[in-house]
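J.: Those protein sequence lines, which keep their order, are chains D and X. Position 3 (the first sequence) corresponds to 23 in my numbering; numbering is contiguous. Position 97 (the second sequence) corresponds to 1425 in my numbering; numbering is contiguous.
Keep in mind that a hint or two might mislead.
Straight-line alpha carbon distances no greater than 30 angstroms define the calculated DSS-like cross-link-like pairs of lysine-lysine that follow [as the list claims (entries may be wrong)]: (1) Lys71(D) <-> Lys1394(X); (2) Lys119(D) <-> Lys1369(X); (3) Lys1369(X) <-> Lys90(D).
These are calculated hints, taken from the structure and not from any lab test. Since we're looking at a predicted model, the values are computed, not measured.
Here is how the chains run, residue by residue.
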Amino acid sequence: GQQLNQSPQSMFIQEGEDVSMNCTSSSIFNTWLWYKQDPGEGPVLLIALYKAGELTSNGRLTAQFGITRKDSFLNISASIPSDVGIYFCAGPNTGTASKLTFGTGTRLQVTL
Amino acid sequence: GAVVSQHPSWVICKSGTSVKIECRSLDFQATTMFWYRQFPKQSLMLMATSNEGSKATYEQGVEKDKFLINHASLTLSTLTVTSAHPEDSSFYICSAWGGGTEAFFGQGTRLTVV
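Start from the sequences, fold in the hints, and give me the full structure.
T.: As structure tokens, then:
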């Protein structure tokens, strides 16, 4: 089946630093989604990417859809304490737009 | 954005009993609802897909007789964990799709079986 591997697995950064994380797939995806999950909550969609090479921003977040369609990157600029959480990439399973495969997750912790 | 509500947010039950979790789309009609399970420090794993008025489709390795799913209306799907055991303790999350570009997630239900 489809697998999405994220790196790094976890990261500790200082407030104000920029963050980069990526997601790689063993197969091609036509859509990439980035979610954030706070403790004890469901995931919330941050950014959706629909075309290879696409670069999309949402406030301090920027995500890119890799040219090969097998990877995606998420950057967070000037991190703040509320950025703490787990970030997941996700892609729709073949043939079903909303049935998602989730990545392994990147746990972000921000220190003051 | 669209709102999906799960109830309860958390539940503790005795081993051997059954627990029902509800997933409601509050401001849109959900053609399809998905149920995920998430163990501590792990990712979300899809358990099953349910379409209104039809039987759910379960992912490989998920016991359909243990995890009963009912999608009786376009705004409600329920997941019943039957004869729950401690290994069923997990975070269960639903998502609802109304035909647009994204599915919306509920806030999750933490199940603890003692």
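J.: Now look at each hint and say whether the structure bears it out.
T.: The hints, checked one at a time:
1. Lys71(D) <-> Lys1394(X): violated, 40 angstroms
2. Lys119(D) <-> Lys1369(X): Holds, because 21 angstroms separates the two Cα atoms, which is no more than 30 angstroms.
3. Lys1369(X) <-> Lys90(D): holds, 24 angstroms
Checked against the numbered hints above, the structure breaks only hint 1 and satisfies the rest.
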